[in-house]
Each structure stands twice: as structure tokens, then as C-alpha cells.
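With the sequences and hints as input, model every part of the structure.
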Amino acid sequence: MEIATIQDMTYSYPNSIYPALKNINLKVYEGDFILLIGESGSGKSTLAKVFNGIIPHFYGGTICGNIQCEEEVGIVFQDPEKQIIMESVEKEIAFPLENKGLSEADIKRTVMETLSFMNLWELKDKKTYQLSGGERQKVNMASSLAKHSRFLILDEPTSQLDPSAADDILNMIGRLNQDFGYTIILAEQQLDRCFSMANRIWYIKEGQVVFDGNKKDFFNINVPKEFVPLIGKLFKEAGFQGSIPETIRDGRKVLRKLYGPIEKSKKHTTLESKDNTHPRVKKTTLLTMKKVYFRYEEGMEALKDIDLHLEKGRIYGILGEIGSGKTTLLKVMSGLLPPSQGKMEKHCLVGYLSQNPNDYLFNDTVYEELEFTLKNHGMKDDGRIDYLLKELELYKLKDSNPRDLSGGEKQRVALASILVMDPELILLDEPTRGLDYILRSSMGKLLNFFKEQGKTIVIVTHDVEFLAMYAGNIRIMFKGEIVQEGTPEEVFSTGNYYSTQIRKLFTGVDDEVQSYEEGLIKLRLKLSHWDEREFVK
Amino acid sequence: MKCHPLAVILFFLGFMCIVLINDNPLLSILYLVYISLFLSGEIGYKKMLKNMKAAFWTILSIIIINPLVSRGGSHVLYRGIRLPLVGRLIITLEGICFGMHMSIKLMAIYLLFFLTYELSDQDDMFSFFSRYAYKLTLLLSFSLNMAHRLVGEVQRVKEVMMMRGLQFHNKSILKRIKAYYPLLKVILISSLEGSIERAESLYSKGYGKQQPTRYKGKKLSLLDGIVMTYMLLLVGMTLWARHKGLQYFRFYPHMTGISLESLKYIGLLGLLLLTNLIIIWRRQRWKLLQYKI
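Residue numbers (my numbering), protein chains in the order written: chain C, 1 to 537; chain D, 1 to 293.
Careful, some of the hints might be misleading.
[Stated by the list, open to error] Cross-link-like lysine-lysine pairs, in silico, PhoX-like; alpha carbons within 25 angstroms at most:
| # | chain 1 | residue 1 | chain 2 | residue 2 |
| --- | --- | --- | --- | --- |
| 1 | D | Lys2 | C | Lys124 |
| 2 | C | Lys108 | C | Lys126 |
| 3 | C | Lys346 | D | Lys158 |
| 4 | C | Lys127 | D | Lys2 |
| 5 | D | Lys175 | C | Lys375 |
| 6 | D | Lys2 | C | Lys108 |
| 7 | D | Lys46 | D | Lys2 |
| 8 | D | Lys47 | C | Lys127 |
| 9 | C | Lys126 | D | Lys53 |
| 10 | C | Lys205 | C | Lys410 |
| 11 | C | Lys22 | C | Lys233 |
| 12 | D | Lys216 | C | Lys124 |
| 13 | D | Lys178 | C | Lys375 |
| 14 | C | Lys410 | D | Lys158 |
| 15 | C | Lys445 | C | Lys312 |
| 16 | D | Lys209 | C | Lys108 |
| 17 | C | Lys127 | D | Lys185 |
| 18 | C | Lys343 | C | Lys290 |
| 19 | C | Lys205 | C | Lys22 |
| 20 | D | Lys185 | C | Lys410 |
| 21 | D | Lys158 | D | Lys135 |
| 22 | C | Lys375 | D | Lys216 |
| 23 | C | Lys291 | C | Lys343 |
| 24 | C | Lys380 | D | Lys216 |
| 25 | C | Lys126 | D | Lys219 |
| 26 | C | Lys233 | C | Lys445 |
| 27 | C | Lys127 | D | Lys46 |
| 28 | D | Lys219 | C | Lys108 |
| 29 | C | Lys257 | C | Lys215 |
| 30 | C | Lys445 | C | Lys225 |
| 31 | C | Lys127 | D | Lys216 |
| 32 | D | Lys135 | C | Lys380 |
| 33 | C | Lys375 | D | Lys171 |
| 34 | C | Lys100 | D | Lys50 |
| 35 | D | Lys216 | D | Lys135 |
| 36 | D | Lys209 | C | Lys100 |
| 37 | C | Lys380 | C | Lys410 |
| 38 | D | Lys50 | C | Lys127 |
| 39 | D | Lys216 | C | Lys126 |
| 40 | C | Lys205 | C | Lys216 |
Just so you know, the hints here were simulated from the structure itself, not pulled from any lab data.
Structure representation (C-alpha cells):
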């Protein structure tokens, strides 16, 4: 049954001559799980807001076409913090019901039901500002569901969360659809996590829905490779003709058939690091830490017994759960926090880029933003601002207001505002958070470019795939301690949780496969010897 | 202790009025002591002293500046050099006392804000006001949100700016103030941008579409009744005392004395406030009283 229909809809924001959405024709059926994908700025959020009337009723603008929605729509946005209105969790869930004018008895019953349904009883009496990002997002979902919306739109709900909180949210969304028949539209960048949950895909490009269909057809159309989940992309590129696997579990089933009975494969011994210092860069130590401890004023020990040695021209990665001490370590390295105990020697200028690029941007133009850092350090612009802007592809935006730029551009301006003082050591805290695949890839290229220039980069992130591609040395932190250190190959081949998708796919099947490229070659080779009809059988 | 929004508003407005219209320094001291004791009962005296510390420099500057610019007093303590714009520097006893009186009043008002915050539940306030003035509540909600975010964001942005070369611990006060400008600008812009997302959220949750109901809205309790009764009594007594001239005190050109009647009135008022404090303190300790009111 159709619960929402959009016909010939075109929409332009106020004061904009270009339409944000063009000729949209869509139907939503009850129980659908629609994955809405597209580049940043392609119109995903705008489309999501059309369904519950925020567009045009809240934003204004020009809209034409027909929009019909049978169900009340609940919407959950990206940033969990900015959606919460009330101070107590219980009252936050009750808030939309109060606004509907329901009686106190009705509100009470619905709130209790929702708390049980979403398994949020433990949070009931907590203050919303005491919650973690993931918990806040769950409360937002509960608040949307409480008003009996069986049609839920989620606009990148996990983009600001760490992986375990994101998995929690996605599992909950999957349960709502599978077990309770809720209709879901999910706009998401991290396709690997949620592709298998969807039954339909909408691919939006420059304000137009260019694909509306099922997953099987999606693999056959020409979309940028960044918008195809990694496992599916691997099998598709390798020329696999059967039903393309979407999950690691399905992929392993195919591999088992291809490889036959599992023999204990030889352990990979010749691990080659891809991040040997660049040949032109002379080996120099930039920073050393010996038995460094850090305690916060309230007594919490955030770093314990840290030994670290950073060399010039390398990319280092630091992985770990929330609260494992990663950001504290960066702050100690940068000099923002002094070690409580131990010895740290620093022989270089340090640049530190925190998680939120908006914290850097306040000047009227991009140029002034870079000039500000230079002036504070008593340096002169000897042409380095223009050089850097050109290198970071920001030169044409030189006179733009940095706050008006896209997410990726803002990130580059924030990075430029640090790089302009020419630091030898660059510390990046979650640089890929909230970025889509294309922006992640351009960030990676940028880091390689700096490495070639002799810069040392330390990346703190949850993004295992990103580190696997760009870092040469990885450390895993747990409760303030470094528990493992090694090349990506060493680190990812020994762990289960901290491992790449490709490693998870090939572990126990072919332990020699470490990277996507190796997996692709092996898979092509196997497929060339394989009779496709066997799969049909 | 959380009170009904109506009781909180009445308490805040009533107390604000009686502090502002009062001219008598003894009464101002009495009000300051009452609010300090009330607040320390709620949050503990250590936290209260920490809050008072934040206002210390403002108060000190009033005590210093007022005698320098005021020339209404008759007891000259110091007659100094002639300064440009200001003229001859004259410091009088009345000027110093008036400055101190203003500082006491300012501190009382400053602590009154903290006390009001402690007595109110933000959610209750939001629900209460949204029924009668939803646009005003919206505005207040944004402002409160901005203040709330400010606390968390200041440290983060400060670290970012330090890495960009700003020095917040510069010896020169002017340079220190200048360093805070970018920090405040970042926070202000972020808060304004955040307000749009918050407004979207409010819209999607149906705020303002119809007259809202209240969930678990606080009902007027006996405690609220006591707070409101005391406050009405206090305002009534203040107006009566003002009419009778019992609050009268003049600083310039020379300070008047305090009459016996005024002292009696201040004593009576002190007793009234003390009984109020005893009820509030005992309520926190006596479970039976807590249950009853």
C-alpha cells in the first residue's frame, strides 16, 4: 500500500534561483526500507524534509508538484545534540505528545510503551545532557516514534557517532522495519553497515533521483564506485555473475564454494609496510614519549605508560574505543596538556586539527582565516597562503566566507589554517567523521601529499578502512594504554574487531589477502577457473 | 528543591523588586545574607563561594570607581590632582559607602539569579511558558541552549585557538581581552547556526501547532504556597515600610542615621526571613516535613 507519493515536484530554497530538487517522482510503500544515497549536497536532506513538511512550511521557498503523505512522519537528523529540547529523557519523549494536545494519561501510557519498546528504561530519569551521542540519538528516535509515526525518516543519524553507537542505532532501525513493519527512509554515507537492510535504493544526484529500484538492479547501473558497498563492489569488479553478496556472511559463503574445503592456510609472514618513509625524506625523530602518564584534575588516569616514537615523513594511526585516551594523547603531543609523569621530547612545530572544523572558522574570508594564524605566530605571508590554497584546491574560494562552504571544503580550510604555519607534525582528530566516501578519498590523497613533503601525520580515528589505506603504523589504545603497535597488515590480520572488511571476508579462507587489490586479483583468478553453473546448482 | 514555575517567578520578581527599591544598607545586608544562606542550603557553601568569586571583580570595580567619579559627599577624605575629563580627584566617605552599598545589592541580585536557577526545573518552565507565550519560550529556549552549549564549547575552541597562536594567559589585560574575541565569535556563530537545527527539530515535534498539554507538570504544593506567601508578605511589608519611611536612608550629601523604628522593622523582617529559612532547611532534613510539604 502506498503511504507517500511525490509527483513532478521541484523545489527551490528562498533566494535561490537554482532548484535544490528537480522533477521528483517517488512512491513509498508500507514496510519499505529505502536507502537514500548520494554525494554531500546532492539534495538528500532536502528530500527527507519534504516528507514531513519542514519543506516548504518551515523554510519557505518555491515548490510545485503534488506531495501526499498518508502517515505521520517522524524525522531524526544528523546531530543528536541539537535536536533535543527538554532536559529530562522522559519529558523529551513526551514533548511531541504534549504538542499534540494529548491528555496526561495518554501521554504517560505512550511514554512508558516507547521506553519499553526502545529499551530505554535505564535512561528514563537521566538528564539529556548526561547522555552519550548514541543514547541521545536513541532518545530522538523514541521521541519521533512516540507520536505514533510508523514512517520514519533518518537523515544520516550515525554520521556523528562512534562505530559501536552507530551499529546500535542501525540495529534498532533494522528491528523497527523487520519486526514491526515500520517504513524507513535512511539517508546514509556508511553503506557497508546498512546496505543489506534496505529493500530499495534511491540514488540522488544534483537534486534529481537518478535511480529508484532494488539492490540487484543497483549493481547493474553506472554509479560512482564510492556508492557501492565494498563487498558488493569486490564481487562485481571481479566479474562474479551470480547474485552479488552484500554482507561479509554472504561473501564468505561464495568464497567457501570458490576455495573448496578449507585448508589451514600458511600464515602470512612477509608483511611489507607500505609506509616506509618516503625515499626523499631523511629519517629524523620528531617526538618521543617515555613512560608518559596523564591524570585529569578529578583523578582519572587517561594515559598510562605511553612509549612513543614519531619519525619524519610517516603517517601514524591511533585506534581505540571512546574514552580510551586517544584525544588526550593528541593533546599531550600538541602541548595543550602537560604529561603528569614521564618524559616527552618534541623537536618540531605541531599543528592540531580537532574534530569540528567549525571551531576554526570565524573570519570573513578564507584568506583572512589563514592570515589570522600567521599573524598570531608573528609570521609574514611570503606567498605561502596562495600556495597552500592552490595545493588544497581552495584558491577559487579565497574570498568566500568559510562558513558558507560545504563540509569537505570547511575541513580543508580548517586544515589549511593549521598548515599555514608549516608544522612538521600534524595531529588530526577524527578527520573523516561526517565525510562521504568521495571526501574521505580526497582527504586521504591530501595526507599522502603531505607525507611526500616530509610531514608527519598522526590520525586518531575509528575509521579502520581509512587507516588501512593510508597509515603506515597503527597503535591500538585501550583504557589509556597502547596495547598493540604495528603495520596495518600486522594489526588487522591479528584482530577480529579492529579489522578491515576485506580481512574479515578472507580470514580463514585466504589469509594472504590483505588489501582490496589483492582480494580482487585472487577472486578474479578463482572465478576464471570456476564454472558459473556450479553456483546455480 | 524544585518549585512550581509560578512560585519561582513570583519569588524572583518579588525579591528583585524589594532589593532594587531598597535604599537602606542594613536591609541590603539582610537580603544578601538571606539569599546566601538559602543558596548555600541548596548547593553547599563551597559552590556558592565559587559563584561569588566570579562576580568579585565587578563588585570591586564598583567599589573603586564610584568614589572616584562621585562628588556628592561632604566628608572629603582625599583631595588630589586634577585629571583630564574627570577634573579634580576628590574621594568622600559617602562615595565609598554608596559604592559598597551598590556592590552588596549587585551581589544579592547576582546570587538571586543562581537561586532562581536552582529552584526551577527547566522542563517545567518550558512547558509552563509555552502554554501562554510560545514565541517568547522559543526565544528563551534558544538562549538557554546557547548558554548551555557555551560551557562545553569554550574549552574546546580555546584549545583550537591556542594551537593557532592565541595567548589567553598574556600578561597584558588588553591582549587577553583581544584573544577572547575570536573565541566568542566562533561560539556565537555556532550557536546561531545550531538554532536553525533546533528550530527544525521543534517544528518537526509539532511545537506551536496547537495549545499544548502538560505531562507531569508540577502542581502547586504546600511548599510553593509557603514560598509565595512569604514573598507576598515581604513585598507587602516593603511597600508599607517605604510608605512609612522606615527604609529611608540617604548617602549624599551626608549619610543619614537609622531610626529606632527602622531598626525594629529590620529586626522583624529578619525574623520573618529566618523562619522561612528554618522551614526550608528543616524540610531538607525531616522526611516527615518533606512528605507533608
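The hints, checked one at a time:
no. : hint                : verdict
1   : D:Lys2 / C:Lys124   : 19 angstroms, holds
2   : C:Lys108 / C:Lys126 : 17 angstroms, holds
3   : C:Lys346 / D:Lys158 : 22 angstroms, holds
4   : C:Lys127 / D:Lys2   : 15 angstroms, holds
5   : D:Lys175 / C:Lys375 : 14 angstroms, holds
6   : D:Lys2 / C:Lys108   : 21 angstroms, holds
7   : D:Lys46 / D:Lys2    : 21 angstroms, holds
8   : D:Lys47 / C:Lys127  : 21 angstroms, holds
9   : C:Lys126 / D:Lys53  : 30 angstroms, violated
10  : C:Lys205 / C:Lys410 : 21 angstroms, holds
11  : C:Lys22 / C:Lys233  : 29 angstroms, violated
12  : D:Lys216 / C:Lys124 : 14 angstroms, holds
13  : D:Lys178 / C:Lys375 : 14 angstroms, holds
14  : C:Lys410 / D:Lys158 : 19 angstroms, holds
15  : C:Lys445 / C:Lys312 : 18 angstroms, holds
16  : D:Lys209 / C:Lys108 : 21 angstroms, holds
17  : C:Lys127 / D:Lys185 : 29 angstroms, violated
18  : C:Lys343 / C:Lys290 : 5 angstroms, holds
19  : C:Lys205 / C:Lys22  : 10 angstroms, holds
20  : D:Lys185 / C:Lys410 : 17 angstroms, holds
21  : D:Lys158 / D:Lys135 : 33 angstroms, violated
22  : C:Lys375 / D:Lys216 : 55 angstroms, violated
23  : C:Lys291 / C:Lys343 : 7 angstroms, holds
24  : C:Lys380 / D:Lys216 : 62 angstroms, violated
25  : C:Lys126 / D:Lys219 : 21 angstroms, holds
26  : C:Lys233 / C:Lys445 : 21 angstroms, holds
27  : C:Lys127 / D:Lys46  : 24 angstroms, holds
28  : D:Lys219 / C:Lys108 : 16 angstroms, holds
29  : C:Lys257 / C:Lys215 : 23 angstroms, holds
30  : C:Lys445 / C:Lys225 : 17 angstroms, holds
31  : C:Lys127 / D:Lys216 : 16 angstroms, holds
32  : D:Lys135 / C:Lys380 : 50 angstroms, violated
33  : C:Lys375 / D:Lys171 : 19 angstroms, holds
34  : C:Lys100 / D:Lys50  : 43 angstroms, violated
35  : D:Lys216 / D:Lys135 : 22 angstroms, holds
36  : D:Lys209 / C:Lys100 : 8 angstroms, holds
37  : C:Lys380 / C:Lys410 : 24 angstroms, holds
38  : D:Lys50 / C:Lys127  : 24 angstroms, holds
39  : D:Lys216 / C:Lys126 : 16 angstroms, holds
40  : C:Lys205 / C:Lys216 : 20 angstroms, holds
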